[in-house]
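Heads up: the sequence lines are chains Y and U, in that order. Following UniProt numbering from start to finish, the first sequence increments by one per residue and tops out at 273. Following UniProt numbering from start to finish, the second sequence increments by one per residue and tops out at 79.
Calculated from the structure, these hints are not laboratory results. Hints may be right or wrong, so weigh each one.
To give an idea of the interface, some chain Y residues facing chain U are shown, with a C-beta separation under 10 Å as derived from the structure [said to hold, decoys possible]: (1) Met1; (2) Tyr53; (3) Gly57; (4) Ala87; (5) Tyr108; (6) Ala112; (7) Tyr190; (8) Gln191; (9) Gly200.
Reference listing, derived: stretches of chain Y covered by chain U, where coverage requires no fewer than 3 residues with Cβ under 8 Å from a Cβ of chain U [stated by the list, open to error]: (10) 69 to 80; (11) 97 to 107.
Think of the CB as a built atom: it goes at the ideal place given N, C-alpha and C, for glycine as much as any other residue.
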Amino acid sequence: MTNYGLVIDQERCIGCHACAVTCKQENNVGLGQYWNRVLTEGGDKMDTPAGTYPENGEDGTLEMSYQPTACQHCENAPCVKVCPVNATYTREDGIVEIDYDKCIGCRYCMAACPYNARVFNWDEPQTVPEDGTGDVPARPQGVVEKCTFCSHRVEEGLDPACVVNCPADARIFGDLDNEESTVSKYIKKYQTTRLLEDRGTDPKTYYIRGEMSPGRPQTSDKMESELDDVSVWSEPKDNGPVEESGGSGGGGSHSSLSNDALPHVPAFEGGDD
Amino acid sequence: MTDPQQPRLTPLDEWESEAATILDGGDYDAELGLRMARDAIRVSNGELSDAAFHEKYHEVVVAEFGEDRRPTEPEGFDE
């Protein structure tokens, strides 16, 4: 059985917020709402470090990192258990989703979510342009909404938008029940943590910290399971660069490109001057 | 305008007051929502079973919402 999950390599994350922006665009998320947030670990405000600048001949202590956060698609989701009308439910593929026709806006699920991952449409959502963006219909006023792992894309064999558009290749999506998937291999190989593990929610979003992984260079917007060969990033060679079969691959090594796959980042051909 | 919901991961010690704020001003029983949210996390933690959680709130959920379609209903549950 398929059980989708996400690995985010925080050693690769550069805090650019591309995942947050592309999420809003793809999912038609209204102004002022976030399904996918990039939190700053460090100072009190976004993109501000903790510590001190190097002054008076002393070393600085500035420190900052990023914590991308969205619905964790918990295996043991309290939001699902608490919904009185079963509007929030877990799909067979593990994605936690909301039936907006059933949602009555009681917000009990928001109270039960320890990740603050859900938002409520207090008013009619506003978007720019007014007709909305992306490939998902706008949700009405009075319902709760949140990340769906871009289930509309997943159902078409495509990776979630935040995964495809991460310029640092820091987000890897796949089947946690498949031992050969990159997410499973990375969870096994690298040190990973999950948010608020003591809550027992069993999140399906894992964070790599410590050693940087090869990430997931995007050879197309297809999900890994749709590609012929993923060995380039899922089986890195120890202590050495990954061999390429020729040419340069902007954004990562693309020796596994299938014929119909388009590079996410155009190959860099060299300087003009 | 929509309520600005700024990016942050709520610290655990602030969760309950934030949950109360989330539930405030709604059409449904905020105090019930807070109690159910607290116990739903206890279910996730393994401190409370699905069945016990369902039974504990079944009557009050039906009274508040007119139905109880939570997935925690045990097989053969007798109302």
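Now the hints, each set against the structure:
{"no.": "1", "hint": "Met1", "in the structure": "violated, 18 Å"}
{"no.": "2", "hint": "Tyr53", "in the structure": "violated, 25 Å"}
{"no.": "3", "hint": "Gly57", "in the structure": "violated, 36 Å"}
{"no.": "4", "hint": "Ala87", "in the structure": "holds, 9 Å"}
{"no.": "5", "hint": "Tyr108", "in the structure": "holds, 4 Å"}
{"no.": "6", "hint": "Ala112", "in the structure": "holds, 4 Å"}
{"no.": "7", "hint": "Tyr190", "in the structure": "violated, 22 Å"}
{"no.": "8", "hint": "Gln191", "in the structure": "violated, 20 Å"}
{"no.": "9", "hint": "Gly200", "in the structure": "holds, 4 Å"}
{"no.": "10", "hint": "69 to 80", "in the structure": "holds (count 7)"}
{"no.": "11", "hint": "97 to 107", "in the structure": "holds (count 4)"}
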